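Protein chains: 2
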Amino acid sequence: MENKDLLMIPGPTPVPENVLLAQAKHPIGHRSPEFSEIIGEINENLKWLHQTKQDVLTVTASGTGAMEAGIINFLSAGDRVLVGSNGKFGERWADMTEAFGLKTERIAAGWGEVLDPEAIREKLEADTNQEIKAVIVTHSETSTGVLNDLETINRHVKNHGEALIIVDAVTSLGAVSLPIDQWGLDVVASGSQKGYMIPPGLGFIAVSEKAWQAYETATLPKFYLDLGPYRKSTAKNSTPYTPPINLMYGLQAALKMMRNEGLENIFARHERNTQATRAAIEALGLPLFAPNNAASRAVTAVEPTTVEAEKVRSVMKKQFNIALAGGQNELKGRIFRIGHLGFVSERDVLTVVGALEATLRELGHETMANGAGVAAATRVLAYS
Amino acid sequence: MENKDLLMIPGPTPVPENVLLAQAKHPIGHRSPEFSEIIGEINENLKWLHQTKQDVLTVTASGTGAMEAGIINFLSAGDRVLVGSNGKFGERWADMTEAFGLKTERIAAGWGEVLDPEAIREKLEADTNQEIKAVIVTHSETSTGVLNDLETINRHVKNHGEALIIVDAVTSLGAVSLPIDQWGLDVVASGSQKGYMIPPGLGFIAVSEKAWQAYETATLPKFYLDLGPYRKSTAKNSTPYTPPINLMYGLQAALKMMRNEGLENIFARHERNTQATRAAIEALGLPLFAPNNAASRAVTAVEPTTVEAEKVRSVMKKQFNIALAGGQNELKGRIFRIGHLGFVSERDVLTVVGALEATLRELGHETMANGAGVAAATRVLAYS
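Chain order of the listed sequences is U and G. 1 is the number of the first residue of the first sequence in the UniProt record's numbering; add one for each residue after it. 1 is the number of the first residue of the second sequence in the UniProt record's numbering; add one for each residue after it.
Honestly, I wouldn't trust all of these hints.
The list makes no distinction among identical chains, and a pair is therefore deemed to hold if it is satisfied within one copy or across any two copies.
Unchecked claim - List of simulated lysine-lysine pairs, DSSO-like, C-alpha gap at most 30 angstroms:
#: 1; residue 1: Lys25; residue 2: Lys318
#: 2; residue 1: Lys4; residue 2: Lys332
#: 3; residue 1: Lys232; residue 2: Lys25
#: 4; residue 1: Lys25; residue 2: Lys256
#: 5; residue 1: Lys317; residue 2: Lys236
#: 6; residue 1: Lys158; residue 2: Lys318
#: 7; residue 1: Lys311; residue 2: Lys53
#: 8; residue 1: Lys103; residue 2: Lys123
#: 9; residue 1: Lys4; residue 2: Lys256
#: 10; residue 1: Lys25; residue 2: Lys47
#: 11; residue 1: Lys25; residue 2: Lys4
#: 12; residue 1: Lys317; residue 2: Lys256
#: 13; residue 1: Lys311; residue 2: Lys123
#: 14; residue 1: Lys47; residue 2: Lys232
#: 15; residue 1: Lys210; residue 2: Lys88
#: 16; residue 1: Lys317; residue 2: Lys232
If you're looking for bench data, these hints aren't it; they were derived computationally from the structure. From a predicted model like this one, the values you see are computed outputs, not experimental measurements.
Whenever a hint applies, use it, and build me the whole structure from the sequences.
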């Protein structure tokens, strides 16, 4: 059917109708008092969402641009950094720090495994000369559906004292609690097409006072993503360069919705949808790719053995107009991924589980009882 | 009146209703075949608009980000560059090249004056060691309404042989003809909220084969704005990072409209609107800020002497809901600027001229005959 698509990928995520329509308003001048008011409201709500008193800076860029801003503003060529790498995005940040001439040490785990906080602790404790300037961690690894143990890793970084903790929270912000000020996270980067419930095009960077001190001495060359001017402009409810006005309209509307729902409710909804999805997948006799104790609340990766992952995606798309994500890089063809991040309701989860069961049946996957997936999801939703 | 705004600033520019509504569609996955088709259509139309056979690369960034990409991909720290500076944006590019450690020589002219191609020719001819690696020129200087003589400057650069010509075409692309391949321009950067008739958030960079050769040896560190991956992805109708899907919907719709109108018609419309605006301003007895032979086709700056520029803007806004731009930096309070770039019709020009005359009368500016502005604009529109 035409125009009947259901987007169940981990970004772009579904966008509420009122947010889509807010984006269809005519742009106004970005230097007008009216737009300044919008920026002011957005900035207040961004602080609320980030659980921080610090300014959260907004850049016109995709999530990769936000992460780059989070790295190049606080480090200098030759700085030693540890980069957690257990998927496509962790690997991307290691490539990035190498591109900027940072002495990059990968703390690696297999794709689908969780980063070992102990491996990071050992490196940090052995660094008695305090040479490690940053630990860079992908909180929710979108490519595998693994949620890394940021709280523990951060505790080790805090014990080190010198290193900054720089976090890719692209698919964790707005899905799980990330108490930035309470944990003392230094740099947290995210992107709009994820938990924010708006289309791609905006990146966000929360910056601690300690990171701003590092900014003073960091020497990597920068201009467009130099966060100094963004900090000054943000304090005046302005932007250093022309912002994507219509996306900002959408952001304003989406943040208002998030405040109405409330942080705890948002996190609880993601938790329920994650657990319901995982219970259904298990009940359908499919192997979950990420372990239960490290499940991303944004995306569930499934590694089917009795049917082909790409065939599952293909039938789901053609017969049910549901878009699932495939595997990336080494996981291409091996897994499919169900996004449940942002504007995703319990109803959507039941929908995708029902369609998945029909798809599996069509593909000849027989090791499941009729209705087992929806039944399992329903049990989670009823009791949580 | 509420919701009755007319945006007559040089960016963001007015957006057609069908483009606004295209942006209100639900995002689809950026790795889907459907989106790849959209990218393919956009890329073809971007080449058409740029009058080039080379790929035009699209980045998620404002115009400043596009210019940064146009500079850091093709140069190395210590490279000697000439930067034309006769306004806020020329000055910004000089600040930028300095931030990246380029040996920056400003070729300066007063704000409101045109760059002297002879000054650039002399520098280039004296450079017998071929040390100058790039000449960076703002084609249409948005802050002053001056159109620099890019064709002549480029001829001198071509005679030099070694230097690249890097052009900020942010408010000239889509307003005046910029035959990139015919002139042999190396790097041309622009932004979406200008001649493209869509909101801000996308930057564009056209790159010549000679510039790609320079890319091979350029050593400035880069990642998000490294154009190599963009080139590879563009060839496959893809993007290296998540593109701003809804802005791309808008871009697709706007480029289709531009093709329907035709390049020559678009340029002729901008020419007519520019000349009608300038004739009206003169007939109203107000001094034009930029000389007639160097008039930007995007924006007309006016430096009133009998009334205050900011009062003109304020009455235009309050009484007529017309947004004009003010002066920037050293021109703050001295000039006002009328945008006539992108989706601006002859009707809009007559509207703003009529409202301006009423405004001037209210402010006590008496040196004009009744209806002189509209009469002068009408004469231009009738005979051109």
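Next on the checklist: Run through the hints listed earlier and report the numbers of any the structure violates, in increasing order.
Outcome noted: Violated hints (numbers, rising): 6, 7 and 13; every other hint is consistent with the structure.
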